[in-house]
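Novice: If you're matching them up, the sequences are chains A and B in order. Take the first sequence: its letters are residues 1 to 264, numbered as in the numbering used here. Take the second sequence: its letters are residues 1 to 189, numbered as in the numbering used here.
Please note that a few of the clues may not be correct.
Sample of chain B residues with no beta-carbon within 10 Å of chain A, all distances over it, derived [said to hold, decoys possible]:
1. Leu17
2. Ser39
3. Glu118
4. Glu127
5. Gln142
6. Asp155
7. Ala165
Cut-off 16 Å, straight-line C-alpha distance, at most; resulting in silico cross-link-like pairs (EDC-like, lysine to aspartate or glutamate) [said to hold, decoys possible]:
8. A/Lys235 - A/Asp206
9. A/Lys176 - A/Asp216
10. A/Lys176 - B/Asp174
11. B/Lys25 - A/Asp206
12. A/Lys188 - A/Glu146
13. A/Lys159 - A/Glu244
14. B/Lys121 - B/Asp83
15. A/Lys193 - A/Asp216
16. A/Lys176 - B/Asp21
17. A/Lys176 - A/Asp149
18. A/Lys245 - A/Asp216
19. B/Lys25 - A/Glu244
Listed next, the stretches of chain B that the computed footprint assigns to chain A, with coverage defined by at least 3 CB atoms under 8 Å from CB atoms of chain A [what the hints assert, rightly or not]:
20. 20-32
21. 66-74
22. 134-141
23. 166-178
By construction, these hints were calculated from the structure, which means they are not laboratory data. Source: prediction; values computed, not measured. Cβ atoms here follow ideal geometry from the backbone N, Cα and C, with glycine treated the same way.
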Amino acid sequence: MSQIENKRSDELLEILAGKALGEMTPEESNRLSAIDPEVYADDLYELEITAATLHATYFPATQEAMPLSLQQRILQQAFAWEGPWNGSAKRVQPNAVTGNIPFREWTAWLALAASLLIVIGLSSTRGVKPDLQQSRSKLRSSLLQESPDVVQVAWQPGKTPFPAVVRGDVVWSNSKQNGFMRFVGIPKNDPTKEQYQLWIIDPSRDAEPIDGGVFDVTDAEEQLIPIQAKLQVVKPVAFAVTIEKPGGVVVSDQERLPLLAPLP
Amino acid sequence: MERSESILERIAQGDSLAVSDCLRKYGNLVWSMARRWSSDSADAEDAAQEIFVDLWQSASRYRPHAGNETTFVMMIARRRLIDRLRQRQTRSALLSLSEDQGDFAAPVHSNPAEVADEAAKAAACMEQLTEQTQKVLLLSIQSAASHSEIAKHLDLPLGSVKSFARRGLLMLRDCMGRSPKAVSQGATL
């Protein structure tokens with residue numbers, strides 16, 4: 001490599017060091033943007049990791065507990081996306097959420113999109129298809145047969161019971177972090193006005209119940225609803241169904257809690 | 001059940017439980033950094049959410065051999081927080097250098113075990129830098145203060161601050177055994 005090339009390479013490294021420290025002049029920024037990022041990605045990575053190591057060494061953050069409501073919002077965000085954990089290879093494009101749009105605004109758009117999907121879903125499919133119910137029934141049966149730690153608890157009236165008796169149970173496996181709710185006789189809901197939401201009470205994990213997912217009942221027949229725990233369940237002591245506004249809530253005020261399934 | 005893969009590797013492979021594990025393990029760390037570098041709680045909440053989005057998107061780029069997972073999380077958090085500061089142009093108001101900053105910071109020995117080895121190496125490498133370089137570098141790392149702010153704070157020429165900070169970081173990188181890559185091997189501007 002010639003002396004000129006050496007000099008240019010050193011200059012580029014110094015600009016990358018500036019980027020890793022968060023300090024580049026507009027001119028440096030322009031020079032860098034003219035280069036294919038793949039060329040310097042590894043060097044930048046090493047410099048940023050070095051800066052982060054220094055940060056961890058000299059200024060470890062005093063660990064302040066993240067608010068539970070924020071945790072739940074982040075998880076809701078995660079499961080709303082088509083990330084790899086949602087069985088799709090499609091990834092979120094960085095600019096979709098990390099551009100200049102404030103995150104709160106983006107979240108509002110997501111909520112709007114979700115509510116539109118509810119309405120679209122209502123107009124296109126009434127009730128759960130029989131084959132889906134059968135599939136859920138098989139999954140529930142295999143969970144009961146194959147999971148040694150599975151629990152099965154019957155629903156009981158909660159603090160604001162339904163006028164008529166609702167039968168059914170909760171089946172849950174901690175090792176598989178999977179389970180189903182079964183209802184017979186639960187009133188249908190109008191998803192544009194209110195939705196059911198499951199809560200998993202797990203004091204060994206947190207004082208606040210874990211969001212077990214929002215669901216609708218659009219059929220008077222037996223309903224099988226999969227549980228969608230947004231956090232890992234450690235040692236549940238009860239499951240509760242509340243009635244909430246469309247889309248559910250992060251923290252329930254439990255004003256309408258018609259069903260409860262306490263573990264013995 | 002013990003898992004041999006890191007949380008980020010599991011996320012990259014589509015393990016949905018890893019997403020909540022990630023939040024549980026790093027939520028407080030990310031939140032603390034976001035609080036330190038944001039103007040208020042609402043801003044910190046936005047920042048924390050953006051950081052986790054970045055983490056999930058970057059999970060496949062995590063290289064266990066190049067550093068521990070906690071440091072990677074801090075790197076992603078720093079990158080996002082610096083971007084936010086620069087975008088909003090409020091760095092001076094938020095992170096003005098206080099009188100006591102610029103004094104020598106000592107390495108903190110309360111790091112988690114997985115970070116301890118790297119921290120010890122970083123501290124040893126820092127010892128090899130000049131006193132002035134250490135001061136400038138730590139001020140830059142601590143608060144993402146601009147070179148001009150640091151120059152004013154330490155009463156040093158701007159060019160010297162820029163040189164101390166950048167060359168100091170490059171020297172540390174080399175000292176810590178981070179292997180030279182494309183640019184180091186000849187890529188140029």
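Novice: Against each hint, give a clear statement of whether it holds in the structure.
Specialist: Tested hints:
1. Leu17: B/Leu17 is in fact no farther than 10 Å from some Cβ atom of chain A, at 6 Å.
2. Ser39: B/Ser39 is indeed farther than 10 Å from all Cβ atoms of chain A, at 13 Å.
3. Glu118: Per Cβ check, B/Glu118 is inside 10 Å of chain A; nearest 5 Å; violated.
4. Glu127: holds, 12 Å
5. Gln142: The claim breaks: B/Gln142 does not keep its Cβ more than 10 Å from every Cβ of chain A (closest is about 5 Å).
6. Asp155: holds, 19 Å
7. Ala165: violated, 6 Å
8. A/Lys235 - A/Asp206: holds, 10 Å
9. A/Lys176 - A/Asp216: Measuring from Cα to Cα gives roughly 24 Å; hence the hint is violated.
10. A/Lys176 - B/Asp174: With Cα atoms ~45 Å apart, A/Lys176 and B/Asp174 exceed 16 Å; violated.
11. B/Lys25 - A/Asp206: Holds: B/Lys25 and A/Asp206 sit about 14 Å apart, inside 16 Å.
12. A/Lys188 - A/Glu146: violated, 32 Å
13. A/Lys159 - A/Glu244: holds, 15 Å
14. B/Lys121 - B/Asp83: Roughly 28 Å between the alpha carbons, so the hint for B/Lys121 and B/Asp83 is violated.
15. A/Lys193 - A/Asp216: holds, 11 Å
16. A/Lys176 - B/Asp21: Distance of about 15 Å is within 16 Å: holds.
17. A/Lys176 - A/Asp149: holds, 9 Å
18. A/Lys245 - A/Asp216: holds, 12 Å
19. B/Lys25 - A/Glu244: violated, 30 Å
20. 20-32: This one holds; 10 residues, not fewer than the three required, reach chain A with a Cβ under 8 Å.
21. 66-74: Satisfied; 6 residues make the cut.
22. 134-141: holds (count 4)
23. 166-178: holds (count 8)
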